[in-house]
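Undergrad: Each chain, written out:
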Amino acid sequence: MISRRSFCKKSLLIAGGLAIPFSSLELFDPRRLEAEKNDGKKVRWVFLVDTNKCVGCGFCVKACKTENEVPYDANVTRTWVERYVVTKDGKTHIDSPKGARDGFETTAIDIGEGKFEEIRNEDIDKAFFVPKLCNQCDNPPCVQVCPVGATYQTEDGVVLVDRKWCIGCGYCVMGCPYGVRFFHPVYHVAEKCNFCYHRISKGMKTACVDACAFGARRIGNIKDPDDPVTKIIMTERVNVLKEEYGTKPQVFYLGLTKEVR
Amino acid sequence: MKNHVWRPLYVVLLVIAAVLVTRKILVPADFGIGSRGYMYGWHRPSNEQEWKEVSVKYRTAEYCKQCHPEKYNEIKQSPHANINCENCHGPALNHPDDPKVLTVDRRRELCARCHFRLEYPTSGRGKIRGINPKTHHPELECVTCHWPHDPRKEGHKI
Numbered sequence: 001m002i003s004r005r006s007f008c009k010k011s012l013l014i015a016g017g018l019a020i021p022f023s024s025l026e027l028f029d030p031r032r033l034e035a036e037k038n039d040g041k042k043v044r045w046v047f048l049v050d051t052n053k054c055v056g057c058g059f060c061v062k063a064c065k066t067e068n069e070v071p072y073d074a075n076v077t078r079t080w081v082e083r084y085v086v087t088k089d090g091k092t093h094i095d096s097p098k099g100a101r102d103g104f105e106t107t108a109i110d111i112g113e114g115k116f117e118e119i120r121n122e123d124i125d126k127a128f129f130v131p132k133l134c135n136q137c138d139n140p141p142c143v144q145v146c147p148v149g150a151t152y153q154t155e156d157g158v159v160l161v162d163r164k165w166c167i168g169c170g171y172c173v174m175g176c177p178y179g180v181r182f183f184h185p186v187y188h189v190a191e192k193c194n195f196c197y198h199r200i201s202k203g204m205k206t207a208c209v210d211a212c213a214f215g216a217r218r219i220g221n222i223k224d225p226d227d228p229v230t231k232i233i234m235t236e237r238v239n240v241l242k243e244e245y246g247t248k249p250q251v252f253y254l255g256l257t258k259e260v261r
Numbered sequence: 262m263k264n265h266v267w268r269p270l271y272v273v274l275l276v277i278a279a280v281l282v283t284r285k286i287l288v289p290a291d292f293g294i295g296s297r298g299y300m301y302g303w304h305r306p307s308n309e310q311e312w313k314e315v316s317v318k319y320r321t322a323e324y325c326k327q328c329h330p331e332k333y334n335e336i337k338q339s340p341h342a343n344i345n346c347e348n349c350h351g352p353a354l355n356h357p358d359d360p361k362v363l364t365v366d367r368r369r370e371l372c373a374r375c376h377f378r379l380e381y382p383t384s385g386r387g388k389i390r391g392i393n394p395k396t397h398h399p400e401l402e403c404v405t406c407h408w409p410h411d412p413r414k415e416g417h418k419i
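In the order they appear, the protein sequences are chains A and B. So the first sequence is residues 1 to 261, counted in this note's numbering. So the second sequence is residues 262 to 419, counted in this note's numbering.
Since the hints were made in silico from the structure, they are not lab data. Mixed in with the good hints, there may be bad ones.
[Unchecked claim] FRET-style restraints, in silico, Cβ to Cβ:
id : chain 1 : residue 1 : chain 2 : residue 2 : range
1  : B       : A290      : A       : S3        : 53 to 61 Å
2  : B       : I277      : A       : V186      : 37 to 45 Å
3  : A       : S11       : B       : A290      : 24 to 32 Å
4  : B       : G298      : A       : I167      : 39 to 47 Å
5  : A       : N139      : B       : P357      : 42 to 50 Å
6  : A       : T106      : B       : E400      : 55 to 63 Å
7  : A       : G168      : B       : V282      : 52 to 60 Å
8  : B       : K313      : A       : S11       : 29 to 37 Å
9  : A       : E243      : B       : E402      : 27 to 35 Å
10 : B       : N343      : A       : T106      : 19 to 27 Å
11 : B       : K313      : A       : M234      : 38 to 46 Å
12 : A       : E113      : B       : D366      : 42 to 50 Å
13 : B       : I277      : A       : E243      : 45 to 53 Å
By construction, the Cβ of each residue, glycine as well, lies at the ideal position given by its N, Cα and C atoms.
Bound-form chain A, shown alone:
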């Protein structure tokens, strides 16, 4: 006759003994481990901008406005291109006429109110173009300040705006340190770049990436170690904008200098 105590002991031993071979069946897949290292999500969209390649043609801005139904002649845009001209006297001249929707049609810098500042070629130390767009931050301040839950972050990292739910208070417009948010002139609600969510969720690239003829803009999934964008971010010297704000921006830049704000 088996005693109660020894029955419990033996059954626990058998259960434990059976569990060992089961656990040893599962092999470590380093790739899966890499992907699950942080939170186990399969997709996290990130963006890579190469400022060395950008020529300031503005085709990205044109495509973005058409693709995302932002009124073409309104002076608001989800993405834009900035021109930086650093002259030999140490000054930095920055402009982005109409967000560079039509490219840069003059050598003069647009200093606002219809005035232009002419810069002679021999005075230029360095000059380059920097495309800007929503950073789809890991700590998005625009989402934190929304009082009604109209803006939120999806599982794959994209920050979206619920047009039916937005009350147009403008907290998010003020809260974004990168100035990417604005009011949609037609819907009168907060509007922002969403990495062309309708395109990336169909396996396409964003409209700006497809429009770029120089490979200055690229989109990728940082959770996929084989993604060429991930490889560049992991192995090359990339930088982000306004890191000191703690927003953990997910748009990475190659060739960024201290003049870029």
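Guided by the hints, dock chain B onto chain A, whose structure is given.
TA: Just chain B now, kept in the frame of chain A:
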């Protein structure tokens, strides 16, 4: 206790009930905490689907290639291989059904987006061959002399 003491309490209870009922009616059923937690994921999940349903306007050169392979092959073997069809021809949308014809942007300003000469030594722009549109045959369209699908070839002429 007397009735006039209890009466305000009934009013307060009635207001609370009214607020709860209106909230139940107005707030969508799926509203709640998403995968990113309360701070970043408090939202209406059906809105994600609404964003996914936005129509695609730029169909990319892969779409154009299906019916216009000769044009596609010509530009892909030219110095303009990196330029997508829709940059100049406009978004394809549902072409050829809607719109039936795409309007080509033949303005000088379109070519000048890249070929307006800017002497920027530290940018890719400085490496592109360019002109000043104000002095370089300002009366003509670029395509008169330059064939855009292969700039090594001659243009339309007049």
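Undergrad: Compare the structure with each hint and give your call.
TA: Evaluated hints:
At about 56 Å, the beta-carbon gap between A290(B) and S3(A) stays in the expected band of 53 to 61 Å. Taken as a hint, the range 37 to 45 Å holds for the pair I277(B) and V186(A), whose Cβ atoms sit roughly 39 Å apart. As the Cβ distance of S11(A) to A290(B) is approximately 47 Å, the hint placing it in 24 to 32 Å is violated. Look at G298(B) against I167(A): about 22 Å separates their beta carbons, and that is not inside 39 to 47 Å.
Range check, N139(A) to P357(B): Cβ separation about 47 Å, and the 42 to 50 Å hint holds. Distance hint for T106(A) and E400(B): a CB-CB separation of about 20 Å, inconsistent with the stated range 55 to 63 Å. As the Cβ distance of G168(A) to V282(B) is approximately 26 Å, the hint placing it in 52 to 60 Å is violated. A beta carbon spacing of about 52 Å between K313(B) and S11(A) contradicts the range 29 to 37 Å that was offered as a hint.
Evaluation of the 27 to 35 Å hint for E243(A) and E402(B) yields a failure: the beta carbon distance comes to about 47 Å. The hinted range of 19 to 27 Å is satisfied by N343(B) and T106(A), whose Cβ atoms lie roughly 25 Å apart. The hint said 38 to 46 Å for the Cβ distance between K313(B) and M234(A), and at roughly 29 Å that hint is violated. Checked against the hint of 42 to 50 Å, the pair E113(A) and D366(B) fails, with Cβ atoms roughly 30 Å apart.
Between I277(B) and E243(A) the beta carbon distance is about 47 Å. The supplied range of 45 to 53 Å therefore holds.
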